[in-house]
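> Work the whole structure out from these sequences, hints included.
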Amino acid sequence: MPDKLKDTLFSHQALGQFAAAIQEAYPPFDDGLFLRLVFDEAWTERELKERLSHITECLHQTLPDDYRQAVDILSRAIPAGKGFLPMVCSDYVACYGLEHWDVSLAALAHFTRFGSSEFAIRPFIAHDAARAMAVLALWATDENEHVRRLASEGCRPRLPWGLMLAELKRDPTPILPILELLKGDESEYVRKSVANNLNEISKDHPHLALQVAGRWYGHNPRTDWIVRHALRTLLKAGNPEALALVGVAPDSRLEVSGFQLDRSTVPVGSSVGYSFVVKVSGAEPCLVRLELRVEYARPGGKLSRKVFAIRTVSLEPGGHVFRRRLSLANGSTRQHFPGPHRLVLVANGSVVGEAVVEVVAG
118 MPDKLKDTLF SHQALGQFAA AIQEAYPPFD DGLFLRLVFD EAWTERELKE
168 RLSHITECLH QTLPDDYRQA VDILSRAIPA GKGFLPMVCS DYVACYGLEH
218 WDVSLAALAH FTRFGSSEFA IRPFIAHDAA RAMAVLALWA TDENEHVRRL
268 ASEGCRPRLP WGLMLAELKR DPTPILPILE LLKGDESEYV RKSVANNLNE
318 ISKDHPHLAL QVAGRWYGHN PRTDWIVRHA LRTLLKAGNP EALALVGVAP
368 DSRLEVSGFQ LDRSTVPVGS SVGYSFVVKV SGAEPCLVRL ELRVEYARPG
418 GKLSRKVFAI RTVSLEPGGH VFRRRLSLAN GSTRQHFPGP HRLVLVANGS
468 VVGEAVVEVV AG
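Letter 109 of the sequence shown, counting from 1, is numbered 226 in my numbering, and no numbers are missing.
Among the hints, a few may not be true.
Below, simulated SDA-like cross-link-like pairs (lysine to any residue); rule was C-alpha separation at most 25 angstroms, straight line [said to hold, decoys possible]: (1) K286 with A366; (2) K423 with V389; (3) K423 with R440; (4) K423 with E358; (5) K123 with S170; (6) K286 with P196; (7) K309 with R440.
Ranges of calculated distance between the beta carbons of each label pair, as one might list FRET restraints [claimed, not checked]: (8) G417 with E297: 40 to 50 angstroms; (9) A283 with H324: 30 to 40 angstroms; (10) Q377 with H346: 43 to 53 angstroms; (11) S170 with A426: 28 to 38 angstroms; (12) A223 with R163: 29 to 39 angstroms; (13) W278 with E471: 33 to 43 angstroms.
Just so you know, the hints here were simulated from the structure itself, not pulled from any lab data.
Glycine is no exception: its CB is placed at the ideal position from the N, C-alpha and C atoms.
Laid out in structure tokens, this is it:
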């Protein structure tokens, strides 16, 4: 997490406003003490999640000892929270509320309207999955889209940054009734969460995910989008059943040729262009899913692989030229290293072209 971003999310100004809102809700609150505790000598060294936990601990030191009272104060102060700060309130519940189930779950449903409670609900699921999943099923029918999204997002088996839910990762069937309730949700925000949840299930239980996708597909455009997005891991892996389900199985009418790069050597920080021709024979259009698999050179002779979606499109009969570029610029999530990088072109799950570019130091 870049320093500038973590400083923006937890800025002095934002925390000062948050402290003032708490004091307005509860005048005895010592906002000065709270801010001094937050901005201690170690503040600048803390990463984003460490800052979140630290602020939560500082709240615990300065709010009343009575948990119900503390949560009520945060519930009245949270509308003034901005950006990442509302998640502090949810984190407070996750850290100190397991013994106050009803109060805590009601608070998380309220807090998620301002900043997602997706991480905070997970300790409750881990503590008593059956009880928590029953609450999530109720949330799945809530009138507020943020609460409905929490019903799905909170029980994702592999939620990034979140507590691993080993029981649901091993057996995700308790999740399915919640996804069923949400699969046709009017909110794209909710549907994205459903797709991400089912995608994570597909990583550990591909056959189960495909069974669900097979039941859902072809009945509702909203649900069809969920299925295509949920199967992205299986589609990128060339899973034949997933490809067939979304209509992009290998097709004898499809011919891809001329895959080539615009250069053989490229410095780190630049990009390489590639092009190819897709020919569709016959008289009917053909649905084509095009992807680029990149095998990146890593230190010590190792490789890392990533699959990029080029396009999924219905092509009319005839020839179609595609030109694209692959960036080799360093970013916060990927660093590039000198060495041979292999580019593999995939059409409807089949490899149709390969090329190698030598990446050199910039």
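> Could you run down the list of hints and mark each one as holding or not?
Taking the hints in turn, this is what the structure says about them:
1. K286 with A366: violated (29 angstroms)
2. K423 with V389: It holds: about 16 angstroms lies between the C-alpha atoms, which stays within 25 angstroms.
3. K423 with R440: holds (19 angstroms)
4. K423 with E358: The given pair, whose Cα atoms are some 21 angstroms apart, holds under the 25 angstroms limit.
5. K123 with S170: holds (13 angstroms)
6. K286 with P196: Violated - the C-alpha atoms of P196 and K286 are around 34 angstroms apart, more than 25 angstroms.
7. K309 with R440: Violated, at roughly 29 angstroms.
8. G417 with E297: 40 to 50 angstroms: holds (46 angstroms)
9. A283 with H324: 30 to 40 angstroms: Violated, since A283 and H324 (Cβ atoms, about 20 angstroms apart) do not stay within the stated range.
10. Q377 with H346: 43 to 53 angstroms: violated (31 angstroms)
11. S170 with A426: 28 to 38 angstroms: holds (36 angstroms)
12. A223 with R163: 29 to 39 angstroms: holds (30 angstroms)
13. W278 with E471: 33 to 43 angstroms: Distance hint for W278, E471 holds at roughly 36 angstroms.
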